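Chains as they are written, first to last, in numbering that gives the first Met the number 0: chain F, 0 to 360; chain L, 0 to 360; chain W, 0 to 360; chain E, 0 to 360.
Be careful, since some hints might not be right.
[To be verified] Heads up, simulated EDC-like pairs for lysine to aspartate or glutamate below, C-alpha to C-alpha not over 16 Å straight-line:
1. E/318 x E/98
2. E/318 x W/271
3. L/318 x F/271
Hints were generated in silico from the structure; no laboratory data involved. This one's a predicted model, so the numbers in the text were calculated from it and none came from an experiment.
Protein chains: 4
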Amino acid sequence: MSSVFGRLFRVSTFGESHGAGLGAVVDGCPPRLPLSVTDIQAALDRRRPGQSALTTPRQEPDQVEILSGVQDGATLGTPIGLLIRNTDQKPADYKDTDEVPRPSHADYTYQMKYGMRARSGGGRASARETAARVAAGAVASQLLRLRWGVEVVAWVDAVGDEDPALVDPATVTQDAVDTNAVRCPDIDAADRFTDLITSARDAGDSVGGVVACVVRGCPAGWGEPVFEKAEARLAGAMLSLPASKGFEIGSGFAGTRLRGSQHNDAFVARADGSLGTATNRSGGVQGGITNGEPVVIRVAFKPTSTIAMPQPTVDYEGKATVLEAKGRHDPCVLPRAVPIVEAMAALVMADLGMLQAGRDD
Amino acid sequence: MSSVFGRLFRVSTFGESHGAGLGAVVDGCPPRLPLSVTDIQAALDRRRPGQSALTTPRQEPDQVEILSGVQDGATLGTPIGLLIRNTDQKPADYKDTDEVPRPSHADYTYQMKYGMRARSGGGRASARETAARVAAGAVASQLLRLRWGVEVVAWVDAVGDEDPALVDPATVTQDAVDTNAVRCPDIDAADRFTDLITSARDAGDSVGGVVACVVRGCPAGWGEPVFEKAEARLAGAMLSLPASKGFEIGSGFAGTRLRGSQHNDAFVARADGSLGTATNRSGGVQGGITNGEPVVIRVAFKPTSTIAMPQPTVDYEGKATVLEAKGRHDPCVLPRAVPIVEAMAALVMADLGMLQAGRDD
Amino acid sequence: MSSVFGRLFRVSTFGESHGAGLGAVVDGCPPRLPLSVTDIQAALDRRRPGQSALTTPRQEPDQVEILSGVQDGATLGTPIGLLIRNTDQKPADYKDTDEVPRPSHADYTYQMKYGMRARSGGGRASARETAARVAAGAVASQLLRLRWGVEVVAWVDAVGDEDPALVDPATVTQDAVDTNAVRCPDIDAADRFTDLITSARDAGDSVGGVVACVVRGCPAGWGEPVFEKAEARLAGAMLSLPASKGFEIGSGFAGTRLRGSQHNDAFVARADGSLGTATNRSGGVQGGITNGEPVVIRVAFKPTSTIAMPQPTVDYEGKATVLEAKGRHDPCVLPRAVPIVEAMAALVMADLGMLQAGRDD
Amino acid sequence: MSSVFGRLFRVSTFGESHGAGLGAVVDGCPPRLPLSVTDIQAALDRRRPGQSALTTPRQEPDQVEILSGVQDGATLGTPIGLLIRNTDQKPADYKDTDEVPRPSHADYTYQMKYGMRARSGGGRASARETAARVAAGAVASQLLRLRWGVEVVAWVDAVGDEDPALVDPATVTQDAVDTNAVRCPDIDAADRFTDLITSARDAGDSVGGVVACVVRGCPAGWGEPVFEKAEARLAGAMLSLPASKGFEIGSGFAGTRLRGSQHNDAFVARADGSLGTATNRSGGVQGGITNGEPVVIRVAFKPTSTIAMPQPTVDYEGKATVLEAKGRHDPCVLPRAVPIVEAMAALVMADLGMLQAGRDD
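For reference, chain F alone in the conformation it holds in the complex (with noise of 0.2 Å):
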């Protein structure tokens, strides 16, 4: 296990699916920072289950408590200890687990590392875990929103094989992605997008899809070359999320099919007379350190590894078996991994953010 992460601004996570609860502490976020209960629940239930017909239709509240770190509205500078109690456990959904390791899930790799598993629902490896990342970077979000002006918005941007959505990053808005329950600000591919996790669904099956992000308002030079560049440690966070299979800045694989000539960003003069860039096929990032413009990335899902339909497949033994999921699940995880991704990506931020101000003058 490895549930710490970031160098100056730090969470540590906790909780299995099934247990008491999960949760998390931040340590290291700066003192006299506003911070209430409500910041941090309002990220949650942008993650939760059940929010609408395209989710898992579990009802789980994912009430947050703060236990310590916040005093009268304000952060102390300590570490701030976030709970969500558990309360929708259904155990008896995933009996068979115990006796067929479910195909593209964990159960098998948890068995082989640890020599045993958490009973029911994949233990650290359910996407439930990711509550105390959400919870986590909200913090993270006010940090940088309150200290830098930073902002992070993150959108759903393909699902499937439909046609990816047009959405300009210098401009949308959370309230945009939030219109519509699948989380795309363009309307039209959000009504394709929800049309094809609706057949999935209804077929027993699941789709995958992409979510984008971008990061606006963060001053050039953030990031720590050479391991720790901004783009590696968006990198590093995006594929720690579960179902992640790929990661892209700026132009990503595209990219690749370009010329040097089309490919570089030409600089400008800015009104303010700092430079900027013509295009951003950087993604907002050169060498590794953030250079003024957006930053945007793209983060692949596979498709829900849970599904209705009967998979053959062997158990722990060996023995060949079909296996028939009961429990209740996402037809497709984007829509609520869009909150995730946010979170992921301020936490990173927040901490370069104070790498480099521990360099400045």
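Based on these hints, arrange chains L, W and E on the given structure of chain F.
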């Protein structure tokens, strides 16, 4: 700066492209591992400039010296100091960059972060920095191979807009990769890639591409959920490389277009009684932990930023100018990126292997 | 704030003395270790206030709840979340400290560092913070005992200007330590210490002293030169405790008065063929690595800063005043420091044990 | 091995006493700090062997080379590579240690930990390792002095059973320390210490002692509760030094004999409106955070283990033998320990200063 990498197998690198030299300190390598200068030099020779018509004509022998940690051909368990002296410095080539930040380079961001920049050639942002990684990675490869029988093989999988190569990750060897200068074991693709790179070079332009890499023989159980999952560590490592813009594991972005019923890897019984998977869309990891299948990743590299064609841009004062690079640069970083990707993969996997060993009874 | 401790066996603590609660997240504990609430509660009961006439009369039951990481009486290998609710909060007792920084407390330095301070009772600087360490330490002790047969025993070795106790580190047991309220296994010394503490308490004053601690059964080879030598890690751990002012290992400061010919520990052959030492002035470590002899340390604790006697001092504005504490405090921290020293020693040794296991073939 | 030190100002050291060389990589030093080889060499010259009749007659010039990170007399913000070549190697002196572990040395424990040992002279357990710390510490001292006006001065406070020196931490200077070979600014004590060391040397024996150190000019607010308190970091740093057996801050062990009413440091108003303390038994820290008073510590060093007198012991096989050392060694490590203690204190304080800067608005 953050030039320290890893938790148990820990590397600290140093060195500017045009200072006295560069190198690495490998801290935490177990004792009694056979290791000689030859092992490390062989890896460096695959990375060094001037090896073929496809790379920069700069000649830098990159001779490594072992300063400490090795005695009588074996490691002592103490830090292994590695030094590579710089030899072919031509600062005059870079005079322009004192006044004009090169598009899509790190000149501007280093200026903004550090309030100054290394004269001549990008300092730590130069690709030359990766020589230290390759030297350290050779030690990690040795540990992986001799302690666990793990091998790491990378190759050029795509260049520009050419169709990707056809390579079987289960069987590809480093010898097959090294049969041609472009380092692609699919000979037909190698020819196409070579032609494309040559034509870009002749046009004063550059091309990007994709390096693929496989880690074979890795036991099930490596990778530390939730923040140091194998894919998270690999993604962070790869995005820390100069010019990298994307990362995929297993099915990656393409996998997001499939349904769960198409994507899941059914388990099968292997001859030795253990479980394998019929397909490997997971890319050798499930829930962040290796499952015993080959770990397969892909890394996107943008086209080289330095091109011979004139580029309209602005200087540090915001005044319009046209930049014409005079240095000697690679028209395509891919062939030389192969040993670098292998090195970073080896550093990650050696660290994860040791982390798991610390847990075992 | 830096509330994270350890490299492989890693603890993150949180909690103010007078907030909702405090606790710890233990990350990295191996799976399948037998562990129950009772194991942890037993350690907390030795630390809690109100156990005897020698400690503060404050009553805090310090009931621990395991939030995660344990199932069916054994660890899962996942983070172990531990929570202790605060119950007996009397903020009114601390009203004065809002205007007058208490001498030799952390009121002033927290104000200077964080620009604010936790109302009422010192926040993270309160000794109450150590409950989280004791809870986490109980997990480490369990690992040490069951995986390696290592045991940790601490005792009160000196109080005030009384002659120190006579205790044999090779044989002292926790049962012997717990036979009296002052936690000194030398009964004659225990009586003298008790009298001294009682007389200081009755005078509205306080006394300091020394806690000694032995780690027995530790195999040779633990400790990571050069910066994480066993004694370096232990010293750092002990000086992180509230009120601690000094650390010794083996012969300590007294040893500096000897000649080398008197101080050196000659090797002897043990019955089992291994080497031991005839004396143990090294305190169980040589070159930062355990040598198989008992690891013996001593920790100096200053007299409790909070005293009932009036103290002339100045307020935050620099105006002369006389401070009279009204809270309920320990006249001597030593008896309750015993389980805390054991906890920190256990956290260090468990981490070093795992670090060494990661290196072994 | 764990040869990495610090969180933001991070040092990685390498090098055996008798290999090609040793050195350090300083990662995280801010840019634009004036720094030259001369600054570092001056510190090394105070540590090197052969400086006086009180030290080993071994002659090692310990010339440092800056490999990277410095350009035109100032830091670049990139890793600073420092190399010191070994020159005076006489492996034959150590031949015996291949068969007989030297009492109170690390020969035996390295053997047990690594399954082998560096031939000749103790490898990383040799005091020679500290040259790399001194080189890195010189960079930290420069940062402390030029960025914050902080200065670090250490001196020999006691040798053997002689009465300790009388030195005022508030005013002592490095010049005063360097007026004599024993490095004690109390001239009377210096004479006594010199006589004692000389007599021990002539007897083929060795003596120990205590180095004291003060950090002056440090602003209030440095130190990271709870696990990286200033005194915790300093204690860990000092106990990582070869031959150190104890650490005190402020009143230390002597303070445990006082009552709280005698020990507390009353606050007083300073002329500039800030608060100071009338006494400094706290040693400049309260609750782990600097309070603006001088930080005063003491470090115990045991008598040198290598002595010329014959020592009865056993060989690796357990067979009785008598060891007679033939190498050239210090009869007392104290005079050369002074710059080493300063280096470690500087490394800790520079790191804490940067950590606090990262928190500030």
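Hint-by-hint comparison with the structure:
{"no.": "1", "hint": "E/318 x E/98", "verdict": "10 Å, holds"}
{"no.": "2", "hint": "E/318 x W/271", "verdict": "14 Å, holds"}
{"no.": "3", "hint": "L/318 x F/271", "verdict": "14 Å, holds"}
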